[in-house]
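**Student:** Here's the letter readout for the chains.
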Amino acid sequence: MSTNLPEDTGGMLTVALAGLEGQLNEVLKETRRLRARVRALEEENQRLRTLILAAGEGEGGRQQLVRLYNEGYHVCPPHFARVRGNEGCLFCQSFLEKKGLLPDG
Amino acid sequence: MHILCPQAHLVNAVQKVYRAVATTTTYPAITGILLQAHENTLTLKATDLDLGIIYTFPVEVIEEGELLLPARIFTEMVRRLPPTSLSLKSLEDNTVEIAYQQSKVQLNSIDVSQFPLLPPVEGNFSFSVAITALKDAIRKVTIAAGNDDLRSVFNGVLWELEPGENRFNLVATDTHRLAVYHGQPGDSSSNETATALVPCRAMNELARLLPGEDGLVKITIGESQIYAQHEGLTVYTRLFNGKFPHYQQVIPTEHICTIEIATRDLLDTVERATLLARDENKARAHIIILQVGEKSLKITSEAAEIGHLEEELTAEIAGQPLELALNGRYLLETLRVIDTENVILELLAPLKPVVVRPAGQENYFCLILPVRIG
Numbered sequence: 001m002s003t004n005l006p007e008d009t010g011g012m013l014t015v016a017l018a019g020l021e022g023q024l025n026e027v028l029k030e031t032r033r034l035r036a037r038v039r040a041l042e043e044e045n046q047r048l049r050t051l052i053l054a055a056g057e058g059e060g061g062r063q064q065l066v067r068l069y070n071e072g073y074h075v076c077p078p079h080f081a082r083v084r085g086n087e088g089c090l091f092c093q094s095f096l097e098k099k100g101l102l103p104d105g
Numbered sequence: 001m002h003i004l005c006p007q008a009h010l011v012n013a014v015q016k017v018y019r020a021v022a023t024t025t026t027y028p029a030i031t032g033i034l035l036q037a038h039e040n041t042l043t044l045k046a047t048d049l050d051l052g053i054i055y056t057f058p059v060e061v062i063e064e065g066e067l068l069l070p071a072r073i074f075t076e077m078v079r080r081l082p083p084t085s086l087s088l089k090s091l092e093d094n095t096v097e098i099a100y101q102q103s104k105v106q107l108n109s110i111d112v113s114q115f116p117l118l119p120p121v122e123g124n125f126s127f128s129v130a131i132t133a134l135k136d137a138i139r140k141v142t143i144a145a146g147n148d149d150l151r152s153v154f155n156g157v158l159w160e161l162e163p164g165e166n167r168f169n170l171v172a173t174d175t176h177r178l179a180v181y182h183g184q185p186g187d188s189s190s191n192e193t194a195t196a197l198v199p200c201r202a203m204n205e206l207a208r209l210l211p212g213e214d215g216l217v218k219i220t221i222g223e224s225q226i227y228a229q230h231e232g233l234t235v236y237t238r239l240f241n242g243k244f245p246h247y248q249q250v251i252p253t254e255h256i257c258t259i260e261i262a263t264r265d266l267l268d269t270v271e272r273a274t275l276l277a278r279d280e281n282k283a284r285a286h287i288i289i290l291q292v293g294e295k296s297l298k299i300t301s302e303a304a305e306i307g308h309l310e311e312e313l314t315a316e317i318a319g320q321p322l323e324l325a326l327n328g329r330y331l332l333e334t335l336r337v338i339d340t341e342n343v344i345l346e347l348l349a350p351l352k353p354v355v356v357r358p359a360g361q362e363n364y365f366c367l368i369l370p371v372r373i374g
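Those protein sequences? They're chains A and B, same order as listed. Terminal number for the first sequence in my numbering: 105, no gaps in between. Terminal number for the second sequence in my numbering: 374, no gaps in between.
Hints were generated in silico from the structure; no laboratory data involved. Be a bit skeptical, because a hint or two may be false.
Rough simulated footprint, nothing fancy, chain A against chain B, three-plus residues with beta-carbon under 8 angstroms [to be verified]:
#, segment
1, 56-63
2, 167-181
3, 245-258
Here a beta-carbon is modelled for each residue, glycine too, at the ideal position from N, C-alpha and C.
Could you build the full structure based on these sequences and the hints that come with them?
**Tutor:** So, in structure tokens, the structure goes:
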């Protein structure tokens, strides 16, 4: 099939596409770097929260669990200290109920 | 390698294995499809190292051998070839010639030795399941699986085999809801219970690949892999290592209110209510309110910038009046997989999980955790 595009326009398109491909590769590289960074920060965050909770163990430990849950973090074993967001968690709720601690939110 | 086969058969085979082809290019060999011609059959294999799909079908083998072809171009090319008999022949210069009618196309191949060895089907537990039941179970359970973190156990479906009870269970949860399906296995190789945590993606691929007809699929649970086999098809996937939480403890053992209502009516209402509940405030997005009266169920939703909806549905209600709020999207997704005319909602308290189950069927339920509002 023949094309109506002049030869130089075709050439310019090829160059523009190559440039776009290069830029996309850069964006992908940056996304990968950011993903790795986010993962590292998530892990660090979890470690720090575990340390904070461990420091608060004792009489106030149970209340800290409730506080942590109400602040939007998981307290259930599978997701402990991870961000829970606004929605409730079946396992946190069951865990707190079993300990006689009813969550506020 | 040299084979002859109809284009339609090859397209069908390629489309079956294509979904397991790796999309990244870090290891080029797994972006290909391996073709092995042996004793008048052609076997196609693809894997991304987590999921693997193998499909064998009869062809005319003129010369046995194997080939590794770049998946994308091979699939696209085969799909576009005319519906006629094809000849696939490997040439000396590491290319393959696909001949059809008076034409031919030549594609570069990849070094076959680079393709990973796929694990043999082995495991201590194997049993068979009716295809229709398995597809039904996957459709109903995967709605509750998480999809935020692909590494999480919540992105998996727990498969429990209980030969003593003559039962298998599929369970999934994203921590806000939980779906459980009980099915009956056919023959089982062991009397011991077994569990496997299978990535949700693999379950969906299996459901997609199995035919929509009667028949049995054989499941084998290995140390770190699970295999499903049906006729010429084998699907295997790596299992998640993590531990699935003790889900039984979150299932309510009692309720104070039961609602039986027409599934279609409730679905339509929830669809409208959820459509409206698109609050820009994420915490309130998709939230709908259920008010249970003596003889009717009232559903309301609102969004500050959009409007307000209030619908009242006739229902058979037993128990105490109750009001609760939940994510309408979760209820909608559950209602969409319930096939019975009526659905039952069991409620205990405003913040306790709501149990949704098909009326007259004991093999499935979904829990939805309400949200606190106000």
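**Student:** Work down the list of hints and note, for each, if the structure agrees.
**Tutor:** Cross-check of the supplied hints:
1. 56-63: violated (count 0)
2. 167-181: Three-residue rule met by the segment 167-181 of chain B, so holds; n is 5.
3. 245-258: That given contact holds, which follows from 3 residues of the segment 245-258 of chain B lying within Cβ reach (below 8 angstroms) of chain A.
In this structure, only the earlier hint numbered 1 is contradicted, and the remaining ones agree with it.
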